[in-house]
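Visitor: Single-letter residue listing:
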Amino acid sequence: MSNTAATTKRNKKQALGPYGRVGQAVGELDDRLGVAKGGRVFLDKIFPDHWSFMLGEISLYSFVVLMATGVFLSLYFIPSTQQVIYHGSYKPLDGQWVSEAYKSTVSISFDVRGGLLIRQMHHWAADIFTGSIIVHMARIFFTGAFRKPRELNWIIGTTMLILAILEGFIGYSLPDDLISGTGLRIGYSIAESIPFVGSYLVTFLWGGQFPGTGIIIPRFFIIHVLIIPLVLIGLLSAHLGLLVRQKHTQFKGEGRTENNVVGSPMFPTFMAKTTGFLFMVTAATAILGAFTQINPIWQFGSYDASKISYAVQPDWYMGWLDGALRIMPSWELAFWGHTVPLEVFLPAVIFPGIVFQIAIMWPLIERRFTGDIAMHNLLDRPRDRPKRTAFGVAFFAMLFTLFAASSTDVLANFFHISLNVVLWFFRFAFFIVPIISGLVAYQLCREMQGVHDIGQRKRALIVHFSPEGEYSTVPSATRPDDERHELDPEPVPVRIDIEPLSNGGIRQPESSPTGARQVNR
Amino acid sequence: MSSRFLLPAGLLGVATLASLAMIFPGATASASGHADANQVSITPSHVTTRACGTVSVKGVTNAVPNAGNPFLSNSKTCLNGHLISYGNTAITYSNPPQSFISAGRQLFAQTCSSCHGNDANGVGPDGQATIGPNLQGVGAATVDFWVSTGRMPATDVKAVEAERKPSRLTPVQALELAAWVNSLDPSVPAVPNPHLRGADQSVGQDLFSLNCAACHTIEGSGDALAFGTNAPSLQDRQVTAQQVAEAVRTGPANMPRFSGNLSDAQVADITAYVTEKLQHPQNPGGVALGGVGPVAEGFVALLIGVGGLALICFWIGERSPKDDDDDEHTEGGDDPDPAKAQEYAQSGQEHA
Amino acid sequence: MSDADHQPSRTRVPMPVAALSDPHMGDAAKNPERTEQIIAVILFLAIVFFGVAGAAYWQNWSDWIFGGALGIGLFALGFGLTAWGKYLMPQGPFVEERHTLASTPEERDVMSAALVERSAVVVKRRRVLGGLFAAGAGVFGIVAAFPLIRSLGPVPGTSLETTGWRKGMVLVDSSGRPVRKETLVVGGIMTVYPKDTVNTETGFISDQGQAVDQTVLIRVSDQPFTTEPGRENWTPAGYVAYSKVCTHLGCPVGLYEQQLELLVCPCHQSMFNVRNGAVPQFGPAPRPLPQMYLGFNDDGYLIAMAPYDQAIGPGFWERNS
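Chains as they are written, first to last, in this note's numbering: chain A, 621 to 1141; chain B, 3 to 354; chain C, -13 to 307.
The hints are simulated quantities; they were obtained by calculation from the structure and are not laboratory data.
Simulated restraints, written as ranges between beta carbons of each label pair:
| no. | chain 1 | residue 1 | chain 2 | residue 2 | range |
| --- | --- | --- | --- | --- | --- |
| 1 | A | Pro949 | C | Ala121 | 42 to 50 Å |
| 2 | A | Gly1089 | C | Ser7 | 47 to 55 Å |
| 3 | C | Val114 | A | Gly861 | 37 to 45 Å |
| 4 | C | Arg261 | B | Ser116 | 28 to 36 Å |
| 5 | C | Phe30 | A | Leu850 | 35 to 43 Å |
| 6 | A | Val642 | C | Val109 | 51 to 59 Å |
| 7 | C | Val109 | A | Gly861 | 32 to 40 Å |
Derived pair list, reagent style DSSO-like, types lysine-lysine, alpha-carbon separation capped at 30 Å:
| no. | chain 1 | residue 1 | chain 2 | residue 2 |
| --- | --- | --- | --- | --- |
| 8 | A | Lys872 | A | Lys1078 |
| 9 | A | Lys872 | A | Lys665 |
| 10 | A | Lys1007 | A | Lys1078 |
| 11 | C | Lys153 | C | Lys167 |
| 12 | A | Lys633 | A | Lys657 |
| 13 | C | Lys16 | A | Lys1078 |
| 14 | C | Lys16 | A | Lys872 |
| 15 | A | Lys657 | A | Lys632 |
| 16 | B | Lys279 | B | Lys167 |
| 17 | A | Lys711 | B | Lys279 |
| 18 | A | Lys768 | A | Lys665 |
| 19 | A | Lys665 | C | Lys16 |
All figures in this text were calculated on a predicted structure; none of them were measured in a lab.
Even for Gly, the Cβ is constructed at its ideal location relative to N, Cα and C.
Next comes chain A alone, as it looks inside the complex (with noise of 0.2 Å):
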């Protein structure tokens, strides 16, 4: 009985061919799509394994976690400003005039099962989302990733840099809260502030003076929850589409050269490693959610224009744009009945102008220099282009320098010295710290080239005394960590083995991923 049944299984199991169901479903697909060839290859893309390239997944993952988490608050929220008196779990803000958007956030807090974690999961995911951009753009930065062919890439993320913070500030206006409610009011002040266009500007956005009709906020949820995030999503498919048609960039090293790349196949390793990732993003951000309160709108009660708390922050990635505007003198100009008031149209519009602009144009400026109109697939080291090195050191520099004096009040606080000596610190901190920072980060490349096996660890020298009486030295063995055995690299390897069938169902392959020239060709 049972060798019947198996004999038949058996039967069913070479019917199917070699590769059972999987097999069957690829020939299924293939029949209709044609993907066999080109998912051949795709599976054989070949992924470097440094590390540094993982910097950019955590901004995708992120940006995962906060679709999902965020369809979960749209749900919930109400976007209106419409007054209502609050009665619900938490007893502080009873009886008080609340607005819809305020109710429906502290509600989704208290009163939806879970709601608390995901709204603290979206957050985090976005404190991390554009933290992620910044740090993966610096290594794209300083390892000079973004030279030709790569400009375009370079282009469209920090396009979605700056849509990731003009998305962050949105969302974190949204809940209409006291914090967020006076950061909205101060992004109200900043578009007025613009010649000509600004007070036009304010009231067609807002519906009329500030807080306007009620209008706001429903049309930043709209912009928040399916604009920006459309513009977002098509980015980052021409940013991934790039980045699979150019293929990586890599490090120098063995056998790597301008016209390969070294590392690990698509499937299996790669996809297990990055999926992995997910999991592990998702985690990070549940984690943070689950045990470091933010934002707790409950304690802050809905926004009323004429309350306000003292030391007000907005989002760290604001930061830098609201220390400018505390470090910036008064110098408003006024003439023929106009005003332009440069104290807050130069930090608030001009300056974050310029630092994007020096930001998405700097393939463009970086060449006008050099003049190097080479591809480049291999990286550099930071130290071997001391003057990018040491303006992009200057340049963050000067972003943190700003960012620390958005927080003017809480380092007076905390180093009990008078609030004013703290704000002339910073004026002048503000031109000072990036041109030293620039200059030892020039001389710390200069210094580091002159050095040879820099970054390897460093070996003892044994000294020998000869019986001749000369005195020699010998480093020392190497530490097991420190050893490197790199293998050749090869191709891909691929199965040849199979016998074919004998209804000739299945091509042979025995390619390698050098087929991927014919393909993509």
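For chain A, the structure is supplied; the task is to place chains B and C on it using the hints.
Guide: Using the frame of chain A, we list chains B and C on its own:
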């Protein structure tokens, strides 16, 4: 293998600890617990009450209901022409008993007179103005606030503002001083005792965010203000309900004095919100990160979030490949060799 | 069924690197069974923690248990899979040749030729047609922008220069109580609104009252004083009132330091001296806060004697200062 992680992991750990230390600077200091002893309620003797005589009310020029003064108060208790207590269901204001006066005089001579003058009038024995201001006519609540919060006796008389510190004097001694100073020129407000049971935290939250949060921050953490002044933390659980009400009613140092614009009931509401919610905040979302707000959150997101994930990347990925061509190092400079650049460019063109 | 029956299906495909002897297997070769066991335990842990998360949700335990279990479960799942990839799958270096993106010069020429030449067939005046088409598209763009932009909201007009304050309006606090001479003592501050913006019954303050009309009322002294020449009797009984909207970015200037007699903006720390007409002493604010002309009416209530004499709040292009 594992030792490769030591440096980045160590750096991350140090940075995390440093940021935590910034976020919770008072973590160790605030652990010293409650100070219920500060709360001394005075039970006025109702034995013989007579109509109150004239009460000097410096700083209050007319009958304003609910402003911390006895006018129009619905329960006034007097003894021998001295105002003992007054108030309503929200706050009872009481002057310290007269028996405290003699002890207060001695204590004042020992601890206060060097700065405020022997008669607490801001005039020294030489007829010159003393360092400290005139205290006559400030009311018992003012004296009790400054002494019970440890701001007086001051340790550094030249400081811009006296900082809160553990009080050198007991709560009873504070009341003794208040009794003597008030006996020199009887005034109001007397020491308030807010009744928090009927207070409405919601009204308190509303009024706190309108009137108090501008200096003390919405979470009550306090911060540095102009020219070296600062708003003290209200999250500190040493801050008693009595002290909150005293501060609101007397306006110590740079704090504005709230009188007729906040009724006693409203002050009790604010006091209830401060002592019951700000000092015991509801943090269902986890660690509150010190109430510093988005900057602390940013640090956590960057260091623990992005930093931790980068460390995981560091584990998943490989470290840099060994350079096969060491001569590249010495090349230096930002301008690539033009000949080489040309070669690359051509390789890009001609690789077909 | 015996094990032998399953044997054929378990025959591994002899991919060269799938063998442990292959150098690409690297770390896995050291102790594959143990690695596999550890990963199995980790993945099992993930299942356990997801179970805990489910129970936490079902029983409505606190969010940190639910989220923590979910997070740890997800981490274990991800960690297990990644470890599987890192330790039990063939690692690099493998190499892939980079194909050249650029086409041959001939192919480029063919493309360019198609672009340039095809559109020029038959047509004599390509420029005119092209120009007309571009003009048409441009006009469409401008016309389409009207509903897209102009419909969003009203033009500002003079709305940014006016507030709700009128001559004779009574000042009330956030609960609708009017202000008498003795309401504040010296060193006191309160936020006031025009009487008609506050609903005394419900405690509701209109948006306009909150955002535009909000005014700080401070009692600086017992006696009237002069903040600036020309404002001699604007401070009856030592009361002075300024617009609460900061001239820098519009935050409410609610921070008053009574000994320094300074109003400080809580957002960017601009400092205004209330005794001298709120002229900025420090910080980024460019202009003094507009001062309100105060007086008492016949009932003894504090009133506005005139609307603000200038636009309140931050600067904008049309502001005439």
